[in-house]
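> In case you want the letters, here they are:
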Amino acid sequence: MSKEQSIKRRNWNQIGPYLLVAPALIYYTLFWIRPVFKAFMISITDASGHLSLENFRLVFQDPTFIPAAQNTAIIVIFSVTLEFVAAMALALLINRKFKGSGILLFIAMIPMALAPVALGAMWKTGFTTHGWVNSFLTYIGVLDIGEKIIFLSGESNTKNLILIILIDAWQVIPSMMIILLAGLQGLPKEMMEASYVFGANRWTTLRKITMPMLRATIQTAVILRLISALQIWLTIVMLFGFGRVPVLLSRVIYYNEEVPNLANSFRMSSTYSVVIAVIITIVAILYLRVSGAFGRKNGGESA
Amino acid sequence: MATVELKRLKKVYDRKVEAVKGIDLMVRDGEFLVLLGPSGCGKTTTMRMIAGLEEITEGEVLIDGISVGELPPRKRNVSMIFQNYAVWPHMTVFENIAYALKIKKMDKREVEERVKEVANLSGIESLLDRYPDQLSGGQQQRVAVARAIAVRPKVFLMDEPLSNLDAKLRVQMRTDLKEIHRSTGATTVFVTHDQSEAMSLADRIVIMKDGAIIQTGTPDEVYHNSVNRFVADFIGTPPTNFLSVSVGEKEEEGYRLKGDHLDFVANHSSLAGFEGKEVLLGVRPEDIDILEEAPIEAVCRLIEPQGSHNIVSAQIGEQRMKLSVNPDIDLKIDQPFRLVFKPGQYHFFDPETGERLDK
Ligand SMILES: Nc1ncnc2c1ncn2[C@@H]1O[C@H](COP(=O)(O)OP(=O)(O)OP(=O)(O)O)[C@@H](O)[C@H]1O
Ligand SMILES: [Mg+2]
Numbered sequence: 464m465s466k467e468q469s470i471k472r473r474n475w476n477q478i479g480p481y482l483l484v485a486p487a488l489i490y491y492t493l494f495w496i497r498p499v500f501k502a503f504m505i506s507i508t509d510a511s512g513h514l515s516l517e518n519f520r521l522v523f524q525d526p527t528f529i530p531a532a533q534n535t536a537i538i539v540i541f542s543v544t545l546e547f548v549a550a551m552a553l554a555l556l557i558n559r560k561f562k563g564s565g566i567l568l569f570i571a572m573i574p575m576a577l578a579p580v581a582l583g584a585m586w587k588t589g590f591t592t593h594g595w596v597n598s599f600l601t602y603i604g605v606l607d608i609g610e611k612i613i614f615l616s617g618e619s620n621t622k623n624l625i626l627i628i629l630i631d632a633w634q635v636i637p638s639m640m641i642i643l644l645a646g647l648q649g650l651p652k653e654m655m656e657a658s659y660v661f662g663a664n665r666w667t668t669l670r671k672i673t674m675p676m677l678r679a680t681i682q683t684a685v686i687l688r689l690i691s692a693l694q695i696w697l698t699i700v701m702l703f704g705f706g707r708v709p710v711l712l713s714r715v716i717y718y719n720e721e722v723p724n725l726a727n728s729f730r731m732s733s734t735y736s737v738v739i740a741v742i743i744t745i746v747a748i749l750y751l752r753v754s755g756a757f758g759r760k761n762g763g764e765s766a
Numbered sequence: 166m167a168t169v170e171l172k173r174l175k176k177v178y179d180r181k182v183e184a185v186k187g188i189d190l191m192v193r194d195g196e197f198l199v200l201l202g203p204s205g206c207g208k209t210t211t212m213r214m215i216a217g218l219e220e221i222t223e224g225e226v227l228i229d230g231i232s233v234g235e236l237p238p239r240k241r242n243v244s245m246i247f248q249n250y251a252v253w254p255h256m257t258v259f260e261n262i263a264y265a266l267k268i269k270k271m272d273k274r275e276v277e278e279r280v281k282e283v284a285n286l287s288g289i290e291s292l293l294d295r296y297p298d299q300l301s302g303g304q305q306q307r308v309a310v311a312r313a314i315a316v317r318p319k320v321f322l323m324d325e326p327l328s329n330l331d332a333k334l335r336v337q338m339r340t341d342l343k344e345i346h347r348s349t350g351a352t353t354v355f356v357t358h359d360q361s362e363a364m365s366l367a368d369r370i371v372i373m374k375d376g377a378i379i380q381t382g383t384p385d386e387v388y389h390n391s392v393n394r395f396v397a398d399f400i401g402t403p404p405t406n407f408l409s410v411s412v413g414e415k416e417e418e419g420y421r422l423k424g425d426h427l428d429f430v431a432n433h434s435s436l437a438g439f440e441g442k443e444v445l446l447g448v449r450p451e452d453i454d455i456l457e458e459a460p461i462e463a464v465c466r467l468i469e470p471q472g473s474h475n476i477v478s479a480q481i482g483e484q485r486m487k488l489s490v491n492p493d494i495d496l497k498i499d500q501p502f503r504l505v506f507k508p509g510q511y512h513f514f515d516p517e518t519g520e521r522l523d524k
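Taken in sequence, the protein lines are chains D and W.
Just so it is clear: in the first sequence, position 29 is 492 by the numbering used here, and no numbers are missing.
Just so it is clear: in the second sequence, position 190 is 355 by the numbering used here, and no numbers are missing.
Treat the hints as calculated values from the structure; they're not laboratory data.
Treat the hints with care, as some may be off.
What the hints assert, rightly or not - Here are the simulated DMTMM-like cross-link-like pairs (lysine to aspartate or glutamate), alpha carbons at most 25 Å apart as the crow flies:
hint, chain 1, residue 1, chain 2, residue 2
1, W, 186, W, 359
2, D, 671, W, 183
3, W, 497, W, 386
4, W, 507, W, 398
5, W, 240, D, 653
6, D, 560, W, 183
7, D, 560, W, 398
8, D, 671, W, 398
What the hints assert, rightly or not - Covered stretches of chain W (chain D as the covering partner; in silico rule of three or more C-beta atoms under 8 Å from a C-beta of chain D):
hint, stretch
9, 257-268
10, 420-434
C-beta atoms are modelled at their ideal positions from N, C-alpha and C, and glycine is treated no differently.
Using the sequences plus the hints, can you model the full thing?
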């Protein structure tokens with residue numbers, strides 16, 4: 464190789480990687496960083512364009528902020544827990560490859576194909592007093608003819624939240640299950656068999672071998688789920704409208720779409736989204752900390 | 166101490182693949198038994214049924230005379246070394262070895278002592294704090310061995326534990342395993358498709374083919390008294406040579422055997438009744454002598470030096486055979502020479518069934 468060539472090569476080695484990531488970088492700058500930055504700027508300026516924390520004061524003093532934050536927290540905690548446990552159980556079941564596990568997998572995946580709007584509409588028509596859920600319950604004999612359960616009264620917040628969590632779980636479990644199933648199928652089955660031979664029962668094997676070896680997969684599934692649960696809003700708004708079960712993200716939409724003409728609508732919704740972004744970041748980092756993603760204690764799959 | 170007995174043990178996968186076809190086998194107390202056979206003959210399946218990792222389709226597995234068919238693996242008191250080691254990557258070497266002991270609720274100090282003891286035995290005492298991905302293949306293999314002996318099982322099961330190691334390490338681990346077996350005295354079932362591994366390790370060898378047992382015997386028996394052509398061909402490197410000969414009338418000194426460039430007399434009573442028929446003569450490479458006045462003429466085609474001896478490919482008429490020859494004997498490629506089969510050291514096989522005639 465001539466000297467000139469080797470200089471050329473060195474130049475390429477220095478510049479090449481940057482050229483290669485440039486398209487992605489431009490894309491992120493235009494469509495992601497710029498709006499995020501803009502929202503952030505809006506959130507820290509007042510009406511006259513001066514730096515100010517006024518917007519944050521308004522958000523935190525918004526009488527709906529506390530209930531929205533509470534509802535979001537409850538939904539996140541319970542739905543992610545429920546979804547993880549159910550998805551894991553389902554994945555373990557399907558992974559055992561019994562007769563009909565293929566069909567079960569297929570059925571389990573149906574909810575994944577539905578958009579949240581369709582989902583909201585479906586359950587809305589289902590849960591109205593004369594909806595199909597009541598009809599179904601009557602048909603299978605759980606309810607007497609003429610008897611109705613009023614699902615969407617909105618009176619009991621707990622009942623509403625349970626309903627939301629169940630509906631959300633119903634839609635999300637399949638996608639989580641798929642991720643976990645893929646992880647499970649990547650584990651050499653001798654790892655579990657060795658555990659059985661060396662004295663463990665199924666439960667011990669699950670806790671001591673399967674789950675630890677699946678840690679990276681579980682982390683991925685849970686963190687994706689945590690983030691999207693913190694952003695839940697559409698299904699809820701479809702079922703209950705904006706007022707009855709407020710959550711954090713529905714406040715962003717509320718200011719943007721429902722009352723777009725207030726003097727500070729846009730600043731409120733921008734500030735809300737910044738607050739949500741900060742919360743999501745904190746939660747994600749906390750989760751990764753707790754689950755040990757940072758300190759290497761030898762993850763099974765990475766090894 | 167323990168015995169393992171298989172009674173008409175059978176495994177059918179998916180209602181159609183008959184992987185094990187009803188085998189009977191007795192593994193004696195303290196014995197090192199090797200299951201040997203070509204790929205797909207059902208060795209792993211047999212072993213997994215003993216361990217309880219595979220459901221038994223028919224028949225019985227008895228450990229110490231007690232049928233264990235209904236027991237889960239953890240209640241069978243066996244331990245196993247897997248082909249790909251199956252050491253758990255998220256645990257240190259120490260934790261790997263201690264896993265079974267902790268499940269048994271063994272006292273903490275005792276666990277530590279036991280782990281140290283077996284780590285010494287397997288030569289990994291300095292690696293206890295490492296994770297498996299920080300170990301070489303051979304070291305991981307040793308961890309698997311240590312983990313298996315730590316539980317002091319009634320029965321050891323090993324499924325091709327050496328097949329992922331390089332040639333040199335394999336021979337060394339072979340010696341170590343034998344040593345460990347001697348010091349623990351545990352009943353061992355060892356699976357391999359490597360016949361030299363089987364020969365060097367086994368007290369007895371069980372040769373399997375297509376889910377059935379073909380022959381059971383000491384390494385010496387299966388080598389020198391192979392029951393059929395399959396075993397004679399499978400055991401030994403190079404394997405037994407087979408020559409097709411026709412049996413003539415009985416003469417004073419025995420039967421006259423004729424074939425392509427072959428004409429000699431053999432005194433073999435097993436040939437009675439085969440006059441005028443074709444049979445297969447099987448002779449091991451080392452059971453052939455090269456002598457100037459020998460009756461068979463051959464041409465040297467290839468010489469493969471092995472150090473201690475040479476492997477010579479010879480041509481007799483249209484048939485080829487391999488000889489194990491002392492390097493002192495001067496042979497040249499394409500040169501004719503004369504050879505003789507050592508009396509009593511060759512056998513005859515039925516060309517159709519492959520069975521040995523003088524069984
Ligand atoms: N889970 C399974 N489902 C269906 N057929 C199987 C299954 N496991 C093994 N078999 C079949 O059973 C037969 C015996 O397999 P087995 O694994 O016992 O062979 P093996 O003697 O251990 O071979 P190798 O030396 O290659 O490991 C093979 O024909 C194989 O294809
Ligand atoms: Mg096998």
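> Does each hint fit the structure? Answer for all of them.
Hint check:
1. 186/W <-> 359/W: Given pair residue 186/W, residue 359/W holds - Cα atoms ~22 Å apart, limit 25 Å.
2. 671/D <-> 183/W: violated (35 Å)
3. 497/W <-> 386/W: violated (35 Å)
4. 507/W <-> 398/W: Within the cut-off at roughly 19 Å; holds.
5. 240/W <-> 653/D: Given pair residue 240/W, residue 653/D holds - Cα atoms ~18 Å apart, limit 25 Å.
6. 560/D <-> 183/W: Distance of about 20 Å is within 25 Å: holds.
7. 560/D <-> 398/W: violated (40 Å)
8. 671/D <-> 398/W: violated (47 Å)
9. 257-268: holds (count 3)
10. 420-434: Since three or more residues must qualify, the claim that chain D covers the stretch 420-434 of chain W is violated, with 0 doing so at under 8 Å.
Figure legend: structure checked against the earlier numbered hints; hints not met, in rising order: 2, 3, 7, 8, 10.
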